[in-house]
Structure formats: C-alpha cells, structure tokens
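Enquirer: Here are the chains, one letter per residue:
Protein chains: 2
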Amino acid sequence: MDYNELLKKYKLSGNEREHRKNLIDSLIRKISAVINDMSLNASPVLVGSSARGTSLKKSDIDIFIQFSSEYDKKQLESYGLDIGFKVIGDGVAKYAEHPYVSGFVDNIKVDIVPCYRMKIGERTRSSVDRTPLHTEFLNSVMNDEERDQAIILKLFLKRIGVYGSELRTEGFSGYVSELCIYYHKTFENFLRFVRESRGQLVIGPKFSEFDSPIILMDPVDSKRNAASAVSKKSLSILRIASSLYLENPEPDFIDLENVSNIEREILDRKTYLLLLELKRPDLIDDILYPQIELMKRNLASFAKREDFTLMNTFSSANEKTIQVLLELQTGSLPGVKIHVGPPADNPNAVKFYEKYKSDPLVLRGPYVKNDRIYVELKRDETDFKIILKSQLKNINFGHNLNFLKEKIRIYTSREKVLSSMVYHDFISVQEPPDLSSRKNLEKK
Amino acid sequence: MDYNELLKKYKLSGNEREHRKNLIDSLIRKISAVINDMSLNASPVLVGSSARGTSLKKSDIDIFIQFSSEYDKKQLESYGLDIGFKVIGDGVAKYAEHPYVSGFVDNIKVDIVPCYRMKIGERTRSSVDRTPLHTEFLNSVMNDEERDQAIILKLFLKRIGVYGSELRTEGFSGYVSELCIYYHKTFENFLRFVRESRGQLVIGPKFSEFDSPIILMDPVDSKRNAASAVSKKSLSILRIASSLYLENPEPDFIDLENVSNIEREILDRKTYLLLLELKRPDLIDDILYPQIELMKRNLASFAKREDFTLMNTFSSANEKTIQVLLELQTGSLPGVKIHVGPPADNPNAVKFYEKYKSDPLVLRGPYVKNDRIYVELKRDETDFKIILKSQLKNINFGHNLNFLKEKIRIYTSREKVLSSMVYHDFISVQEPPDLSSRKNLEKK
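Chains as they are written, first to last, in this note's numbering: chain Y, 1 to 444; chain R, 1 to 444.
By construction, these hints were calculated from the structure, which means they are not laboratory data. Hints are supplied without guarantee of correctness; some may be wrong.
Since the list can't tell identical chains apart, any single copy or any two copies may satisfy a pair.
Simulated pairs of lysine-lysine, PhoX-like, Cα-Cα distance not exceeding 20 Å [as the list claims (entries may be wrong)]: (1) K369 <-> K232; (2) K304 <-> K369; (3) K119 <-> K73; (4) K57 <-> K8; (5) K385 <-> K270; (6) K11 <-> K119; (7) K378 <-> K270; (8) K304 <-> K337; (9) K109 <-> K86; (10) K407 <-> K320; (11) K369 <-> K296; (12) K58 <-> K109.
Just chain Y, with the same shape it has in the complex (with noise of 0.2 Å):
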C-alpha cells in the first residue's frame, strides 16, 4: 500500500517546514528575550510533533519554558504566564495542572506551557515536566521513515475518533502513537499486532501490572504507562477499525476529508428522551469532561434505582453549555413498587413482616415467594421528570457542577430535545470507520 499520496496532502511541504521553522525560531528568541529581561534561569524548548518532524499542516506549535528547579509552584506559574502573554499578546490562559498561554500566532495555534527541568529519572514534579524528554528520546530512535509511519498511524487514529489523550477522547497522545510505530516500525505492522490481540493490549516489554486497557511503558520513565489514557472504547474502536483496515486497506479509510458525515435522523424511537441543559463553568475540557462523567453515572444510577429502564445517556459540550440526554424505555412507572424483603431463615423477616403487615403504603403483602418475603408499595410519584427534580438536590454532579444545578434547565418537550446539540450528536452515526457515536474528528 502506497501512502505517498496521503503523506503529500497531510505532512508539512518543504515550504511550509521552512516558515514553520522561522515561525518557531522567531518565537524562542523572543521567549529567550524576556527570560533575560526577567532574569531568570529558565530556557525555552520546543516539544511535541514540531519537534520530532511528525506534525500535520493543522498541527499546534508547543513550546516548554524549563524552569530551574531553585523556583517554586507558585512562582513558576506565574512566571510562566507572563512570558507566554508577553510573547503571545492577545493569548488566553488555560489551566491543567499548571496555568499555561494559548493564543494564534499566523493562523497556528502556539501553546506556551512552564514546567521543571528533569533528567531521565528524576521526580518530576509536575507531569510536564517529562515532556522534553519525550521529544529527546523520540528524536534520538526514530529515523525519517518510521516518522511517515507515524503520521499514516495519526491519521488514522484522528479518522476513527481515538487520537488525543485528553479526556474528552481517551484516546493515543502523539508521544503514543510514536512509541507504537517506535516499537513495530511500520503503520501495517502496529494494525496486525493490535488485530490479533486478545483483552489488555501490551506494547512493548510487559514491564509491570497494570488495570488499564493498554500498558506501554514510558522509555523516559519506566514506571509509567504512557498509554494509561485510553480507555477501553478507544482500544475497541481501534481493535475493529485495524481488522476492517488490513481487510481492505483504502486510502480513503484514513483521509480525513472523505468522511461521509451522515445523520440518519430517527423519526420516532418512542423512547422517552430528558435534556438537562446547565451553563458551562469555566474549565478546561480535560477538568470538565470527567465531571460530567460523573454527572451522566450518578444520573443513570439514579433513574435505575428508582427502576427506571435506562437505555442511553449521552452528553455533548461547547464553549457555553452542556446538554446531557438521558433516553429511557418509559417516562413513567407503575402505581406500584415491589420490595424485597429477607431471606425467611433471617430474623429480620419477621422485623420486615411486623414492620409492613399494616403499613397503609402496602398494597399487596407480606407474601413469600421461595424463600424470601415480599410486599408490594403503592409508589407515589411515577413520572420521571418530577421524581428527577425533587431529588436533584440528593445527586452528586461532582463540585464543579454542583453548584450550577440550581438553574439547571430541564426539558421533555420533543421540539426541544430534537432541536438540541446533543442530540444532534446522539443521533448521527458516521458510516464505516468512526464506530464511536464521538464526533472529534478535525478538532484541532
């Protein structure tokens, strides 16, 4: 299979490496400039794909400030931030573990992010600062071909929805994906290997247990798995893609334009569909995205406990709102509730039955059946959405939605739900190789 074509549309020209470069170089040197001014003892460093001349034409630019370690937390963040706001002037702050600056320098987006400097097995004392180690060690094994391989293999991980390790996606970071054609050379090779595989995928040595769907030990860190990110619906998309791929290896199954984006609009799933609508707090994705995790759990266990049948929860953010959608089989329960009592070789049966024999909630029962005791209560409230706002107050979203759940809009309305962007993304269904129901391809 011949990928110069795609290589040709995807992989920097020799002109766009060379303003790219001058790009970078102009931006070290100012970096490099007020570290001076500032007096500090800290050096600019270029990381990620730039760096290891694996980057796509839509690729960031990443640039690390290495602080000496003599600087605390405190400092180095905010040391951090005014650099990257005096070098990127219209720049805006994000905040991961550390604050770092974002901004578009000539349409490519430049991260400025501080970290420690560290040697090969060293603590690190904030998870970046490991980065410029990566790019060392990728720099210093890979050659020039397995670097195209490296871009086939991203390629193709962007088209099935599972490149990315931040936590919106759970799927394979850049440094990832490397490491894999690092370990088994070519794009086809690393497909072969992932088909054949069974339950927990081990790239590279087996160097320690871990619970993750995939170890992959960290060459700069040999106790970290660098692949502890993706989850399980990452590694399965990719285990089905990979078989389907070496099946009929297209081109046009990785070519990021050919993607069929096709809403098969479901006219009626006479389901019953809930939309909780909440303002989005101001976090990064990577914060944010787990929090409403939690949201979508606690609501699903939720409606089960109260024995609804739930069949689908899905959620979907942008810049101001989130929508959660939770699909039931029914919106509303029966008059009646059956709870199950003790074992009848259990003394508390007999507490249960005393306790129940004249309850007036009872409707039927106490009653054995095998060999346990039942009743059977009249149930109050049976309409979801009222049983779901009088207890909204009792279920946890997490603290960085919590608070926000006062003005949580809730809607049934079809027009409403059907209009909504999650929905929208419920719904559509792309055609072969994005088996998630994600859609985050060309995000960046």
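Following the hints, position chain R against chain Y.
Expert: Showing chain R alone in chain Y's frame:
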C-alpha cells in the same frame, strides 16, 4: 399454652369417633365381601389420619386395598376400580399414579385406593404401596398426647396455607406433620426448632444429601426423603409464622375460623395486566399444577426475552378453567432495541460490524461502548399482546396444555381482568398468618 379448646373444636368427639368407626367397619366389610366374590388375593386396610387417631372433624377416610404381587399393574387398576365402584356407587374415578375411586358416604369423603402389599425394605411397585407401612410405624411409636400435638400442628399448617403435599400446595403431608411431632415431641418444640434453623432444614437424622428445602428420613424407607414435596416457599412461610406465633402464642393464630379474609382491591396499580384463559383438561391437580407452573415460567421467559419488565405471574384453576395473569411494568415497548454485539477483541466483532453496517433496520450504530460493539435496531411491533399472540405457538406450555393453545383467550380489558377469578386470588391478601398469597384453607 392450653390447646384444649382448639382440640375440642376440631378433634373428633367421642360420639363422632364412634360414628366414624362404624362407618369404617362397614366399608371394610363391604370391600372384603366384594374381594371374596371376585376371588382375589387382596385385603383392605385403613390408612391415613383415621387409622392413626389424628383426624379432624372434616378429615377423609382413606382405605387402601393391598393386592398380592401376582397381579400386574393393569389388573391392579381394573380390579381396584371395580371394587371401588361396587362400594361407592356414585363415586368418581380419579387418576394419580393409579386410578382410584373417590366419593361421599354419610357426608364424609372416602377414597378407595389399590396398592401392592409390601414389607419394610421391599421395593415399592407404586409410590402408594408404603402408605400402610407409614400407619403401622406411627401407630407403633406415638402416644395419645403426641397425636393431639400432631393435630395442633396440622391446624397450624393449614392455617398458614402449607398443609398438604399435593403440587398445588407443596407443603406438609399428614405423615410428615406427624413425623415432625415424633422427632420433636410437641408442637411448640417443633416451632422453636424451625425458628432457630437456617438454610436447609434437617428433621431427625441427617441421612443423605438431597437438594430439597427439607430433609426428613422416611423411617419405613431409609433412602427416601419423606418431605421432598415441601417447597422453599412453604418452608419460608413456616419459618416466619413460627417466629410470629412463638412471640405471641394466641390460639386465634391457629383457629381456622378466625381467618379474616380481607381483600384489598387495588383500584389502580397502573401496571399492564394480561389474562390468559383456557379450558381445564381432565387431569387431577397433581398432574395439572406442574404444567401450569411450566406455562407461567415459559411465559415469563418469553416476556423477558422480548424486553418487557415482568412484575408478577399468578395462576388459578377450578374445575372448568385455568387462568394465568401476567403483570408487566408496561405493555408497550420503545420503537428501538439495543442489540449487544461481541467484545471488540473477538473476531466476530468485525463480522457484526459488517452485518449491520448497512442493515436498514439499524437506527443507530454500529458504535462502540466500553469494550463491545452495539447497534440499535428498529422494533417493528411494540405491543405485548400482539407479540404474544404471534409467538404463542412457539411457547411451550407442556404437552397437556399445548393442544389447548389454539383456543386460548387473551384479555387485557380492565373489566375482564378485574372480574377474573385469578385477579381475585392475586389481589386478596390474608391477614397475619397466611403469608402466602395462596388461599387453600378449608380446601377439604
């Protein structure tokens, strides 16, 4: 606790015993005369509670005719019926393992049952052959005080709905009740023993491993579990009732006439109720009831397989009709069904993907969640009654009921369901001691 009042009320008085003795003598004489006329090697023997001095005012008289082993089963059956009808002119033939004759003489129910003569240790040819040995055994070990205690126990078991080993009740036979007293001497001792027990209940020596809820060695056949008919449910009812009674040993708890049969009709359970009605085939209860259980079990599996949430199944039968009631959370399903595919590391996941990727029945997917692939399929029919009718031919009701399926009547109308015999049984809940929702008090 003084049980004399209770005994006075339910035990045969001196006069009644006299009258019953005369009736029995005359029946035995008649049978012997018929046997003589027919020149058979056989002899009548009184069995059951009348023979053991433990009968209640309403108890049956059971007379067995022990045939010599020279006769084959066909002869035994035809001679047995012959003799029975000659003695009880207006009797009817009933069918258990053998046919036998049942009828009323002086307002007392009399059963005349053929069996083979056997001695302890001999192999039975029919399960009833050992019944005369049971009488012999109990008469040799029990005194009058224990007989009275056995009567109290039987009243108690009747009161809580677990007296009788027939499959309709799955409870304690008269013989088992008396063995309980034989091992524990008094009614209250036995209840205390039951109250303290956990798990499988072993009465008397632990002689062998059985799966049954109760193990009780039959003294006339040391390999037989005499209590194998008792269900988990009946044992559980006995357990809870024993605790309740011992806490507050009021004779009213036992007195059969103090059953307050309160029916709490539930005006609106807001559930989906479906009634199946079929003609009762000409079978005795012990044959019919397991078939009705099979029918209910298979209807329940069917509903579950079709994704309905079943809350209760209930059945009732009289001389003419069998009724089965199904209670579902809702009678109609959403228009979409989530279909779970194989795990992604199984090669079948790819086959699944290829099978469904352009199936017009797919409303959403294929998509990946966690480590599995899914699709959501359109569900053509969502109404339970219609689905049930179309699938009825594929649901096994057992060979005695299957042939009646064509004439089955299925109702969902509120009026029909609420007026049905089975709904009446289902909804009626007796106060304290009958913990079961079954009403078989005063059955005899």
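Enquirer: At most 20 Å between C-alpha atoms: does K369 with K232 qualify within a copy, between copies, both, or neither?
Expert: Classified as between: cross-chain Cα gap 8 Å, same-chain 41 Å, threshold 20 Å.
Enquirer: Go through the copies and call it for K407 and K320: within, between, both or neither, with a Cα cutoff of 20 Å.
Expert: Intra 14 Å, inter 62 Å, cutoff 20 Å: intra-copy only.
Enquirer: Up to 20 Å between alpha-carbons, please classify K58 paired with K109: within, between, both or neither.
Expert: Result: close within a single copy only, 9 Å intra versus 96 Å inter.
Enquirer: Are the CA atoms of K378 and K270 at most 20 Å apart within a copy, between copies, both, or neither?
Expert: between (27 Å within a copy, 10 Å between copies)
Enquirer: First find the shortest C-alpha distance between K119 and K73 inside one copy, then the shortest across copies, and answer within, between, both or neither for a cut-off of 20 Å.
Expert: This pair counts as within: shortest intra-copy Cα distance 18 Å, inter-copy 95 Å.
Enquirer: Checking an output row: K11 and K119, CA cutoff 20 Å. Within, between, both or neither?
Expert: Classified as neither; 31 Å inside a copy, 97 Å across copies.
Enquirer: Measure nothing new, just compare the shortest in-copy and cross-copy C-alpha distances for K304 and K369 to 20 Å and report within, between, both or neither.
Expert: So K304 and K369 pass the 20 Å test across copies only (19 Å; inside, 23 Å).
Enquirer: Could you place K57 and K8 in one of the four classes (within, between, both, neither) given a Cα distance threshold of 20 Å?
Expert: Classified as within: same-chain Cα gap 10 Å, cross-chain 102 Å, threshold 20 Å.
Enquirer: Are the CA atoms of K109 and K86 at most 20 Å apart within a copy, between copies, both, or neither?
Expert: Within one copy only: 16 Å inside, 107 Å across.
Enquirer: Tell me, please, which holds for K304 and K337 at an alpha-carbon limit of 20 Å: within, between, both or neither?
Expert: Answer is both: 13 Å inside a copy and 18 Å across each meet the 20 Å cutoff.
Enquirer: As a check of your reading, is K385 near K270 (CA-CA no more than 20 Å) within one copy, between copies, both or neither?
Expert: So K385 and K270 pass the 20 Å test inside a copy (17 Å) and across (18 Å) alike.
Enquirer: Could you place K369 and K296 in one of the four classes (within, between, both, neither) given a Cα distance threshold of 20 Å?
Expert: between (35 Å within a copy, 14 Å between copies)
When the structure is compared with the earlier hints, a violation turns up for hint 6 alone.
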